[in-house]
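**Q** We have chain A; now place chain B onto it with these hints.
Going down the list, the sequences are from chains A and B. Going by our numbering, the first sequence wraps up at 284, each residue one higher than the last. Going by our numbering, the second sequence wraps up at 120, each residue one higher than the last.
Calculated directly from the structure, the hints in this document are not laboratory data. Careful: at least some of the hints might be erroneous.
[To be verified] For each label pair, taking beta carbons as the anchor points, the in silico distance ranges come out as:
| id | chain 1 | residue 1 | chain 2 | residue 2 | range |
| --- | --- | --- | --- | --- | --- |
| 1 | A | K216 | B | V16 | 14 to 24 Å |
| 2 | A | D231 | B | I24 | 37 to 47 Å |
| 3 | B | T17 | A | A191 | 41 to 51 Å |
| 4 | A | D213 | B | T11 | 12 to 22 Å |
[As the list claims (entries may be wrong)] Just so you have them, the derived chain A footprint on chain B, three or more residues with Cβ under 8 Å:
| id | region |
| --- | --- |
| 5 | 47-55 |
| 6 | 58-70 |
| 7 | 98-105 |
| 8 | 108-119 |
The model shown is predicted, which means the values in this text are computed figures rather than measured ones. Note that CB positions come from ideal geometry on N, CA and C, so glycine has one too.
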Amino acid sequence: RKEVEQDPGPFNVPEGATVAFNCTYSNSASQSFFWYRQDCRKEPKLLMSVYSSGNEDGRFTAQLNRASQYISLLIRDSKLSDSATYLCVVRSGAGTALIFGKGTTLSVSS
Amino acid sequence: EPEVTQTPSHQVTQMGQEVILRCVPISNHLYFYWYRQILGQKVEFLVSFYNNEISEKSEIFDDQFSVERPDGSNFTLKIRSTKLEDSAMYFCASSEWGQGNTDTQYFGPGTRLTVL
Numbered sequence: 175r176k177e178v179e180q181d182p183g184p185f186n187v188p189e190g191a192t193v194a195f196n197c198t199y200s201n202s203a204s205q206s207f208f209w210y211r212q213d214c215r216k217e218p219k220l221l222m223s224v225y226s227s228g229n230e231d232g233r234f235t236a237q238l239n240r241a242s243q244y245i246s247l248l249i250r251d252s253k254l255s256d257s258a259t260y261l262c263v264v265r266s267g268a269g270t271a272l273i274f275g276k277g278t279t280l281s282v283s284s
Numbered sequence: 005e006p007e008v009t010q011t012p013s014h015q016v017t018q019m020g021q022e023v024i025l026r027c028v029p030i031s032n033h034l035y036f037y038w039y040r041q042i043l044g045q046k047v048e049f050l051v052s053f054y055n056n057e058i059s060e061k062s063e064i065f066d067d068q069f070s071v072e073r074p075d076g077s078n079f080t081l082k083i084r085s086t087k088l089e090d091s092a093m094y095f096c097a098s099s100e101w102g103q104g105n106t107d108t109q110y111f112g113p114g115t116r117l118t119v120l
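This is chain A alone, in the form it adopts within the complex:
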């Protein structure tokens, strides 16, 4: 079973659309959760950490369901600049390593 699974997409949406990405993780000992963004051939950049109570940062909302081992990211009012690959990332409580999903590709068009 893959450690972090994501729907690879691509998700093709028009500007202004709302889009949701889902992710599941297999290690129940995972303690830290993140969404990173990766542009083509660039380094991953932190988009937001994901907290148990859910959290929001502008147009981005992240949710965590520990019982289901499920993480989500909602992007409202999509912009052209949101086009990228979104990486679901977890880290176990005992470790330092980030475990990445393969990513979900988003393409926002005008």
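**A** This is chain B only, laid out in the frame that chain A set:
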């Protein structure tokens, strides 16, 4: 804004040769990491380093790999005898504390290694 830097941006080498990839982590960070990403694949953890020793490593990080902090600023990854399958983008990262949701790993721009 402080950033992680890496050199070179692209390294081409012959199979069997040794390569050293270099990184300058963010200056007040204590944890350093190497990851790799084979083209079209996910980002994979290689190793983490704290207080001048390896704190965690993956199965990928075998005896062909080594890491070093030769001075107060640089952090290097050495591959002793490169194989074709070592061709990938290698990312260095650094963070302040190593754990927790508030500990952010900042990634450098990567070194693209091509083994011929």
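**Q** Checking against the hints above, which ones are violated?
**A** none
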